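Build the complex from these two chains, which are given one at a time in their own frames, with help from the hints.
Heads up: the sequence lines are chains A and B, in that order.
For the first sequence, position 52 matches number 51 in numbering that gives the first Met the number 0, and the numbering has no gaps at all.
For the second sequence, position 9 matches number 8 in numbering that gives the first Met the number 0, and the numbering has no gaps at all.
What the hints contain is simulated information worked out from the structure, not anything from laboratory work.
Misleading hints may appear alongside valid ones.
[What the hints assert, rightly or not] Straight-line alpha carbon distances no greater than 35 Å define the calculated DSBU-like cross-link-like pairs of lysine-lysine that follow:
id	chain 1	residue 1	chain 2	residue 2
1	A	Lys96	B	Lys171
2	B	Lys171	A	Lys209
3	A	Lys209	B	Lys115
4	A	Lys209	A	Lys66
5	B	Lys171	A	Lys161
6	B	Lys150	B	Lys11
7	A	Lys94	A	Lys66
8	B	Lys51	B	Lys171
9	B	Lys171	A	Lys66
None of the values given here were measured: they were computed from a predicted structure.
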Amino acid sequence: MSTRVPRIAPSQITPSEVYFNRRMLLAGALMSGVSGLLPAAEPAPATAGTLSYQRNPRYSVTEAPNKYEEIAGYNNFYEFGTDKDSPSENARNFKTKPWSVVVQGEAEVRGTFNLEDLLKGQALEERIYRFRCVEAWSLVVPWVGFPLSSLLARFKPTSSAKYVEFTTLYDPRQMPGQRSAVLNWPYVEGLRMDEAMHPLALMVVGLYGKVLPNQDGAPLRLIVPWKYGFKSIKSIVKINFTANQPRTAWNVAAPGEYGFYANVNPQVDHPRWSQATERHIGAPFLAARRPTLPFNGYAAEVAGLYQGMDLRRYF
Amino acid sequence: MNLTQRYRFIYKPLVFAACLVPLVWLACGAFGWFGESLGADPVKKLEHACGKTALNLLLLTLAVTPVRNLAGLPNLVRLRRMLGVFAFFYVVVHFSVYLVLDLELNFHTLGADIAKRPYITIGFTALLLLIPLAVTSTNGMMRRLGRRWQKLHRLVYVIAILGVWHFYWQVKRDVREPLVYIGILAVLLGYRIVRQRRQAAVRARAGAAPGVTSTCAPATAPERT
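This is chain B alone, in the form it adopts within the complex (with noise of 0.2 Å):
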């Protein structure tokens, strides 16, 4: 087997499968299978679960380009859309949880929450953006979009950092769960910030140096599933 075919039809079956977990839990507690419940609460239960997935799902998206950097595994990256699409997933079902089940479809509250609360107020905004982002997520859609793909892709990062503050803002004392999430994110984007400067000082001496025109296709470009 080859590396595509492994990819193809070891890997992202197991990180599809590992993905679903979350969801296939809360079924086993929505439907009381296997002994699961979801608790006094089950609404708030499934609230935090997804919201939470979503937000791990967001990190570990963010995590695949330093971890294949730093361990030297560049095809990790043909995994990265299916942990951003199911990071969307996820953020649209923990919404739905939210309007449906704990609001209960009134849409009034829904628009006083989102114009009064700003915890919610960010959180549907990072929802917002994802939607795009999850729209573009195809072959045809990069191949279309080319250099502005990237460009757009970079909403993730305002995106995962809103996706934090709406789950520090919300918690009532206890922050010590979303400090642990605005450390990583903290991590994963100083990363980048690290990197891109020293890339910006080697360009910079490279483009000293007498004949060299440009380097501007940067070391991280995406490679296309």
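Okay, chain A solo, but in the shape it has when bound (with noise of 0.2 Å):
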């Protein structure tokens, strides 16, 4: 069955002036971080929906994106449902505006912030990055946004703060897939500190250029490349700095088969598949599996945060 996902989210079309307002609202200040940057160039108000951004060279792959409908279409979002096709469908009319981020834990700057507010100032960059599920199938995205290390120090974490934690809306008035217990609701993910300092964490608000769609984790997701795709966690309204390492929501669910760290490693097979290979989501039949490498392709960036470290004990 197609699932023909419209560019822009019905929900971001509303005739609305108020609705209107609020998104150039929105528009003007992801784009102020870039203006500087951008003196000739500086687009006439966006269209709807569309960011300002630079592409990051530094960060790209040899391979060619997916297309924006494959990115828009086959979702693990179980707050929408559990089939891939679900989240496109039933994240529609998700309200992403006004939208609040709480900051807590062991940090200074702690409170409740607009998302407005959060981003300001925050050049957008465009990186390119690999995307390997759990479930052994990768893309290649075209994400915008900018560095969590760039966010996550506004807040200037105290020196007890050994990991930071996220959390997902709860809202299942909203997130039809919360009215059941397939996880533990919200949904819960952390990181090390040193991980989420790390240059290539990203936090992103756009796909393709675009706002983010609502199914991919509207209005602000992380991605974590190196790391299985149930780590980059949507629609984040809650950071926490802890000093112990947060419970998440697939570990809890299931702690044989999902680890706190979930770095992409071919060695270490989920129990009930293998993770040697994936399956590239858009690739010609015959042509779509390929080896996995070790942390997704970013070793030479990362893996020396994990040095004497058993990968297979901290999975």
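So this is what it looks like as structure tokens:
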């Protein structure tokens, strides 16, 4: 069955003045970060949902990115249903504005922040990353976002902050998947502080130069490209700096199958399937299966974070 | 038209066509006919759709006897073989998609999967067990095997359990759908257990009565078609 995903979610083309104004405000906030860098080429008032960003050539891959329809039509986002095509259908009217994020725990700056304020001053960049799901399929995605480290630094985490914990919105009224106990809601993920501050860890607000579609985790999601996809938490409403390792959703659900670290590792199989290879979404028939790379191809950058650790034990 | 003709010219062709619907629908998706598509991951879609169709047909096959007894439609059994053979057909397509399109004919991985992944081990076992049933599904084989035919075909209970278990085990987290299958299978097998107990009780009573030597011909003896 085909799920034709519109390029712009219906909620974003609501012909209401109020929503239009809000969108412009957000777009303005998103653009302010890079406006200084683009003196001449400052775009005219952006078309709906278009972001201003610069491509960061340091972060790219040789493979071509997947089609927008593939990235926005094949989603694991259990808050909106467990089938791959449920999120694109069920997240259509998801309200991402207004959006605020609670910051708490071991940090000097805590409180509730409007998303617009959090994005202020963040230069948006496009990075093309590999994306590897724990289910052994993969994508290549042009995300638009900014380094997680530059967001976290603003909260001035204290020396007792050893981990950072993220929480997804809990709203069963809007997120039908949360009405059944498939996972322990709300969804929680976390990183060790040094992982979170790594330049590859990205806070994402866009895809293919446009505002992130709801089914991909709008309005604010994490991307940790060297870890299995479930670490890259979506629709974040809380950031909590902790001294202890967070109890993350999939790890709680099935500790034998999903570890806290969840680094992509072809040597360590999932108990029920092999992680040695992956099938690339969108690849032609009979040419989709390819070897999985250690740390999803980012070993040169991140392997040092895990020096001396037994990656079989800390899977 | 008498009953045999009705089955031959109406009911069987209808069931045959119905059993082909999933295949035609998947073909439409695969070739993009009528605006259908298999989505972003066509291989998984094909794999899962064929597997689920096979399970559906297997459960339908097992539903024939209860429905025929409870609804008083003894001739329904004439449709059972077609359902069973189609179940086998979809299992074969399911396995072929997995081997050719998913594993891309990597037999090394196939061997490792069957040996190391319990859900694949039991799924593969179910496939192997289905082969003798498919081979002996012809009228000639039924005649040749006589009473042993029925014994052999009781394997279908084991196959159905393995098939549903295979479904349950491969699901990542959301087991609601496999649980529905487990529930239906439990009802279908439970029906048989209850019925057999009752028949055994009837036989015991009849056996106690003088003059009755044997009632071993089961009421559910398959009607050859």
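* Asked: Does the structure keep Lys209/A and Lys66/A at a Cα separation of 35 Å or less?
  -> Satisfied, since the Cα-Cα distance of roughly 14 Å is no more than 35 Å.
* Hey, Lys150/B versus Lys11/B, does the alpha-carbon distance stay inside 35 Å? -> This hinted pair holds, its Cα atoms lying about 26 Å apart.
* Asked: Is the hinted pair Lys171/B and Lys209/A satisfied, with a Cα-Cα distance of at most 35 Å?
  -> holds (31 Å)
* **Pairwise hint evaluation, Lys171/B against Lys96/A, where the allowed Cα distance is 35 Å at most** => holds (32 Å)
* To do: Verify the proposed pairing of Lys171/B with Lys66/A, using a straight-line Cα cut of 35 Å.
  => Satisfied, since the Cα-Cα distance of roughly 26 Å is no more than 35 Å.
* With a cut-off of 35 Å on the C-alpha distance, tell me whether Lys209/A and Lys115/B pass. => Roughly 43 Å between the alpha carbons, so the hint for Lys209/A and Lys115/B is violated.
* To do: Would you check the hint for Lys171/B and Lys161/A, treating anything up to 35 Å between C-alpha atoms as holding?
  => holds (30 Å)
* Given hint Lys171/B paired with Lys51/B - CA-CA distance at most 35 Å -> holds (16 Å)
* To do: Quickly compare the C-alpha distance for Lys94/A and Lys66/A to 35 Å and report which way the hint goes.
  => Between Lys94/A and Lys66/A the Cα gap is close to 25 Å, so the pair holds against 35 Å.
In the structure shown, a violation is registered for the earlier hint numbered 3 alone.
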